[in-house]
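Chains as they are written, first to last, in the numbering used here: chain A, 1 to 290; chain B, 1 to 337; chain C, 1 to 320.
You may find that some hints are simply not true.
Now the stretches of chain B that chain C is said to cover, found in silico as 3 or more residues with beta-carbon under 8 Å [stated by the list, open to error]: (1) 151-165; (2) 175-186; (3) 190-203; (4) 215-221; (5) 247-261.
30 Å max Cα-Cα, derived DSS-like pairs, lysine-lysine [stated by the list, open to error]: (6) LYS8/A x LYS117/A; (7) LYS264/C x LYS38/B; (8) LYS172/B x LYS264/C; (9) LYS264/C x LYS239/B; (10) LYS250/B x LYS239/B; (11) LYS116/B x LYS195/A; (12) LYS18/B x LYS117/A; (13) LYS250/B x LYS172/B; (14) LYS301/B x LYS183/A; (15) LYS183/A x LYS250/B; (16) LYS146/C x LYS193/B.
These are computed hints drawn from the structure, not numbers from a lab.
C-beta atoms are modelled at their ideal positions from N, C-alpha and C, and glycine is treated no differently.
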Amino acid sequence: MQRGQGFKGFLNYIRRNPAFGGGMVILVVLLLFATVTTIWIPREGAYPLATMPKQPPSAEHPFGTDSVGRDLLPTLIYGTQMTLSIGMISGCIGLGVGTVLGFMTGYFGGVFDTVVKFLVDVLMTIPSFLLLVTIASSVPDPEEMGILRMALILSIVAWVQPTRAIRAQVLSMRERAFVMMAKLSGMSGMEIIIKELMPNLMPYLAISLAGAVNGGVLGSLGLQTLGIGNLREPSLGMTIYWLRYYNAFLQGYWWWIIEPVIVIALIFIAFLLLSIGLDEFANPRTRRTV
Amino acid sequence: MSTPLLELKNVTKIFGSKSDYTVALDGMTFALDEDFPKIVTIAGESGSGKTTMGMLMLGFYGPTMGEVLFRGQPLSTFKGPELYKFRRQIQAVFQDPFAVYNPFYKVDNLLSIPIKNYKLAGSRSEAREMMENALERVGLRPEETLGRYPHQLSGGQRQRIAVARALLLAPKLLITDEPVSMVDASLRSTILKSLRAMNQDFGIPILYITHDLTTAYHVSDYIIILYRGSVMEAGNVDKIIRDPQHPYTKLLVSSIPWPDPDLSWGGSEEMIQKSQVAFKEITGCKFEPRCPYSMDICRTKVPELFMTNGDRVVACYLQKDNPALPREELSRVFTEA
Amino acid sequence: MSAPLLQVINLKVYYYVEAGAVKAVDDVSFDLESGIKMGLVGESGSGKSTMAQAMMRMIKPPGKIESGHMILDGIDLVSLSEEQMRQTKLRKLAMIPQGAMNALNPVMRIDRQLIDGMLDHGVVMSKDEREQRVTELLEMVDLPPKVAMMYPHELSGGMQQRVTVAQSISMEPDLIIADEPTSALDVVIQRQVMETINRLQERLGISVILIGHDMGLMAQTVNRLAVMYAGRMMEIGETRKMFHDPLHPYTQLLIESLPVLENKGVFSGIPGITPSLLSPPEGCVFHTRCPKAWERCREEIPQFVEAQPGRWVACHLHTA
Numbered sequence: 001m002q003r004g005q006g007f008k009g010f011l012n013y014i015r016r017n018p019a020f021g022g023g024m025v026i027l028v029v030l031l032l033f034a035t036v037t038t039i040w041i042p043r044e045g046a047y048p049l050a051t052m053p054k055q056p057p058s059a060e061h062p063f064g065t066d067s068v069g070r071d072l073l074p075t076l077i078y079g080t081q082m083t084l085s086i087g088m089i090s091g092c093i094g095l096g097v098g099t100v101l102g103f104m105t106g107y108f109g110g111v112f113d114t115v116v117k118f119l120v121d122v123l124m125t126i127p128s129f130l131l132l133v134t135i136a137s138s139v140p141d142p143e144e145m146g147i148l149r150m151a152l153i154l155s156i157v158a159w160v161q162p163t164r165a166i167r168a169q170v171l172s173m174r175e176r177a178f179v180m181m182a183k184l185s186g187m188s189g190m191e192i193i194i195k196e197l198m199p200n201l202m203p204y205l206a207i208s209l210a211g212a213v214n215g216g217v218l219g220s221l222g223l224q225t226l227g228i229g230n231l232r233e234p235s236l237g238m239t240i241y242w243l244r245y246y247n248a249f250l251q252g253y254w255w256w257i258i259e260p261v262i263v264i265a266l267i268f269i270a271f272l273l274l275s276i277g278l279d280e281f282a283n284p285r286t287r288r289t290v
Numbered sequence: 001m002s003t004p005l006l007e008l009k010n011v012t013k014i015f016g017s018k019s020d021y022t023v024a025l026d027g028m029t030f031a032l033d034e035d036f037p038k039i040v041t042i043a044g045e046s047g048s049g050k051t052t053m054g055m056l057m058l059g060f061y062g063p064t065m066g067e068v069l070f071r072g073q074p075l076s077t078f079k080g081p082e083l084y085k086f087r088r089q090i091q092a093v094f095q096d097p098f099a100v101y102n103p104f105y106k107v108d109n110l111l112s113i114p115i116k117n118y119k120l121a122g123s124r125s126e127a128r129e130m131m132e133n134a135l136e137r138v139g140l141r142p143e144e145t146l147g148r149y150p151h152q153l154s155g156g157q158r159q160r161i162a163v164a165r166a167l168l169l170a171p172k173l174l175i176t177d178e179p180v181s182m183v184d185a186s187l188r189s190t191i192l193k194s195l196r197a198m199n200q201d202f203g204i205p206i207l208y209i210t211h212d213l214t215t216a217y218h219v220s221d222y223i224i225i226l227y228r229g230s231v232m233e234a235g236n237v238d239k240i241i242r243d244p245q246h247p248y249t250k251l252l253v254s255s256i257p258w259p260d261p262d263l264s265w266g267g268s269e270e271m272i273q274k275s276q277v278a279f280k281e282i283t284g285c286k287f288e289p290r291c292p293y294s295m296d297i298c299r300t301k302v303p304e305l306f307m308t309n310g311d312r313v314v315a316c317y318l319q320k321d322n323p324a325l326p327r328e329e330l331s332r333v334f335t336e337a
Numbered sequence: 001m002s003a004p005l006l007q008v009i010n011l012k013v014y015y016y017v018e019a020g021a022v023k024a025v026d027d028v029s030f031d032l033e034s035g036i037k038m039g040l041v042g043e044s045g046s047g048k049s050t051m052a053q054a055m056m057r058m059i060k061p062p063g064k065i066e067s068g069h070m071i072l073d074g075i076d077l078v079s080l081s082e083e084q085m086r087q088t089k090l091r092k093l094a095m096i097p098q099g100a101m102n103a104l105n106p107v108m109r110i111d112r113q114l115i116d117g118m119l120d121h122g123v124v125m126s127k128d129e130r131e132q133r134v135t136e137l138l139e140m141v142d143l144p145p146k147v148a149m150m151y152p153h154e155l156s157g158g159m160q161q162r163v164t165v166a167q168s169i170s171m172e173p174d175l176i177i178a179d180e181p182t183s184a185l186d187v188v189i190q191r192q193v194m195e196t197i198n199r200l201q202e203r204l205g206i207s208v209i210l211i212g213h214d215m216g217l218m219a220q221t222v223n224r225l226a227v228m229y230a231g232r233m234m235e236i237g238e239t240r241k242m243f244h245d246p247l248h249p250y251t252q253l254l255i256e257s258l259p260v261l262e263n264k265g266v267f268s269g270i271p272g273i274t275p276s277l278l279s280p281p282e283g284c285v286f287h288t289r290c291p292k293a294w295e296r297c298r299e300e301i302p303q304f305v306e307a308q309p310g311r312w313v314a315c316h317l318h319t320a
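Bound-form chain A, shown alone (with noise of 0.2 Å):
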C-alpha cells in the first residue's frame, strides 16, 4: 500500500480503478439527491393527501402521485434520505463493534476470542432476516419506529461480518516480521493494534463498512416492504408496501412501481461497485515487477 501525491494521485487512482470510480459517483448522485433537493422541496408532499392522488408523472408532479396522493418526488427524495441513514448508521455501529472485537479477539486470542468465536458461529446459523423480523415486530409501537431505532435493531446482525473478516486479517499479521520488530521495540498489545495493524487494514475496514451499510439498506427495505416499520413515514421499502397494498401492479400505476425499483437499484449497484472498487485497492492484481 503506498501513498498517493493528494487529489492528483486520487484522480489517477479513479483512472486505474474505474469500479470504484464509478460506485463514487452513483453514490454520490444518491446523496445529492437525497439532499440538496430538500431547499427546493419541502416535506409535506411526502405524505397521504398532500395533493392528487394516482396521478402519472407531469409537468407539476414529475414522479407522479401515488394512490393516498402522496407526491411521489418528495417521498422519493425523503425516502432515499432515510434509508441511506438507517443503513450508514447501523453499517457504522457495525464496523465499530466489529473493529472492536476483531482487533481484541485476533490479537488477544484467549477466553474473549473463544466467547465471541461462539457467538459468531450462532448469529451466522440463525437466518439473521428471521431474527430481524422476530425482533422488529416485537418492540413496543414498531409503527412508530424512528431511523435510530431501526438501526440498532440492524446492529444486531451487522457487527458480524466486520468482526469476522477483521479477525481474520488480524491472525494473518499477527505473525509477521514488524510485528514482531515492534514487540521487540517496546510497543504494548495495545499499541499494535492501533499504530501497526490498522493502518494496514484501513482498505479491509473501507471494505467492511461499505458491506455493513450496504447490509443495513438492505435489511431496512427487507422489513419495511413487509410493513414492519414506521407506517406513516416515506421509507422506500414503506413505499414499496403501501404500493403492493394498493394493487399498483393490477391498477397499472406503472410510475409508482418502477420509481422505487430504479433508485433502490442504483442504491445497490453503487455499493456492488465500491465493493469491486475497494478489493481491487486492497488487492491489487497487476503486479509491476522490474
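Add chains B and C to chain A, keeping to what the hints say.
For chains B and C alone, coordinates are given in the frame of chain A:
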C-alpha cells in the same frame, strides 16, 4: 558461576495436533552468559529447529516442555515491567529486509520507536543524532536513507538499517536469523563486518542462525549443528567445518558449493535419503535413516554428546570411546578460547 | 565451425513506467554453443531474471522487448508470433522455474503434469506409451515411479523441483533455461538437484543457461560464466579463467568478496549501491563504484569485445 543471561533448560517444542505433530526442538539445553563476547552459529537445514530456537529465546512463544530462563527467571512468568526489561536487552535482526518494516511508515520508525520506548535519548535532536551515528557506522548515509519509505530503498540498505537499529540499542544479546541470506553477495560482507564489529568492539554476544555454513565460518567462533531438533555436533567453528566428524556435518560440508572451480563438491557416499522413516517412530539417533554408518544401537538409543576434544562434541556412536558430556553442560564447549 | 546454438544480439528490454523507461536489459549480446552450460550471474537489478523472461518471451506490459534478436537454431525468437512461440516452448526451449510450488498445478497428479505438455504439442501416445514415458522421465531425475500417482503437496521441495526438471526435458529441447532453480532449497537438496541437472545435460547433450546469484554454485556447475550488472553484460568467459583471472573490475570485486576457507575474518564488499535503471550513469554503468575508473569511463560506454580468445569484456581497460 553467575546466572546465565539466557538459558534453555531441556526445552522441547512441538507443533501441530495430537494426530499430526512435529517435534521442532527436542530436549535442548543451552545457556549463554552475559560476558560471553563470542558469536555462536546455530546451523541446520529447514526443519532443524534453528528458527524455533531463536523464537523461543526471543519469547515469541513458549516451550511445550522445559523452560526458557532469562537471568534465572522463566519467561512464562514475566508480566509488564519484567517483560519490558527483557525486551530491552534481547534484540534481533530477521531474514527478510522488507517484512520487518511496516510499509505504512518511513524507515526512521524502525529506529525512532525503540529510542522513544526505551528512553534512550533525552530530546528529539539527541535521538536524531543517535540515529545518524548508527547509520553511519553501518556504512549508510543518513541523508539518503532517513525520511524514505521502505519500498524506496534497496534490500541491502534496509537490512543495514536493521543492523544499525541493533547497534543503537546495544542489547545484552543479539539474535540474528539468516541476516544476509536475502541480501546481495557483495553486500553480505559489509553486514557481516558490522555484526563482527558489534561483537568485538562492544562485547555483544551474537547468535547467528543460518543454513549457510560459508558465512557461518567467516563470522562466528562456535557452531551448533542441528538436525530435526537435536544437536549433532557442536564446538569450534573452524575445526568443525574443516574437519567434520559427525556424518551429517560431513554431508553438509561436502554439499557446500565453494566458489572455487578447483574445489569441487566433496564426495559423499550416497547418504541422501536412504529411507523416509516417519518422524514419530525414531527413538534413537535422528540421522540414522540417512546414515551410511548406522549400527543397531543408533536405532534404539539417542547418542550422547561425546567430547572428542576440549572444544567439540559429537552426538554419534562412532565417537563412543570418548567421554560423554552431560547435556546440561553443552555450553562448556564454548568456553575454550 | 558450426554456428552457435543461441545468439543474443543487442537485446534491449525496457519497462515503461510513469517516470520513464526502466532499462532492465540494455544492449546485451552473447553466444551459446551447443551442449554447453552457461551461468548468468548478477545481483539484484542486474537484469538476469529479465533475460530469462525475455528468452521465454514472457515479458508482460509495461515491459517490452525494445529491440534486438535472439536467434535459436536459426529462428529469431523476437520475431515469432505468440502461437509460434508457444510451439517453440518445450519443444526447442524449456524453462526450469525458480519456485516449483508456483509451477506445478496443486490439484493435478504428477503423471498428468508430465504428459500434458507433450500432448499439447500434438504428440500422440497410447496409454501404455504415456505410462512408459512418465516412468522414463521420473527415472531420469532419480525419482521413484510411484511419484507419478502423487500430488505436488505430497512431495518435498527437492522432489518438486526435480519434477519441474523432468517437465522441461520431456520433449528433449535444445536449450533449457534454469532460473535460480535451487534458491529455495537446502544445501544438501540443492546439490542433489544440480547434480541431476548436470547428469541430464551430459546424457542428452542439452545446452543450459543457469541463472543465479550464487557464485559458488556457478563455480561448481557451469563451463562458461556471464556476469551482468545494471542491465548490461560485463564479462563472459570460461569459468575457471574467470575465477582465477577476472578481467572486469566488477568481476574482480565480486570474486574477492566471496567467502572461501582460507581468508576467515576478512570481509570485503563492493562499496556504493547499484545505480537506478531509470537513469543509469553516463558512460560505463559501473564507473560510479569502480576503483579503476578514469575519464573515459565517465563519458563513453565501453564496447563488449573479445579481449582474449573466448573472453569477452566491456571495459575500457581492455579495449585499447
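Status of the hints after comparison with the structure:
{"no.": "1", "hint": "151-165", "result": "holds (count 4)"}
{"no.": "2", "hint": "175-186", "result": "holds (count 3)"}
{"no.": "3", "hint": "190-203", "result": "holds (count 4)"}
{"no.": "4", "hint": "215-221", "result": "holds (count 3)"}
{"no.": "5", "hint": "247-261", "result": "holds (count 9)"}
{"no.": "6", "hint": "LYS8/A x LYS117/A", "result": "violated, 43 Å"}
{"no.": "7", "hint": "LYS264/C x LYS38/B", "result": "holds, 15 Å"}
{"no.": "8", "hint": "LYS172/B x LYS264/C", "result": "holds, 26 Å"}
{"no.": "9", "hint": "LYS264/C x LYS239/B", "result": "holds, 12 Å"}
{"no.": "10", "hint": "LYS250/B x LYS239/B", "result": "holds, 12 Å"}
{"no.": "11", "hint": "LYS116/B x LYS195/A", "result": "holds, 14 Å"}
{"no.": "12", "hint": "LYS18/B x LYS117/A", "result": "holds, 23 Å"}
{"no.": "13", "hint": "LYS250/B x LYS172/B", "result": "violated, 34 Å"}
{"no.": "14", "hint": "LYS301/B x LYS183/A", "result": "violated, 41 Å"}
{"no.": "15", "hint": "LYS183/A x LYS250/B", "result": "violated, 39 Å"}
{"no.": "16", "hint": "LYS146/C x LYS193/B", "result": "violated, 48 Å"}
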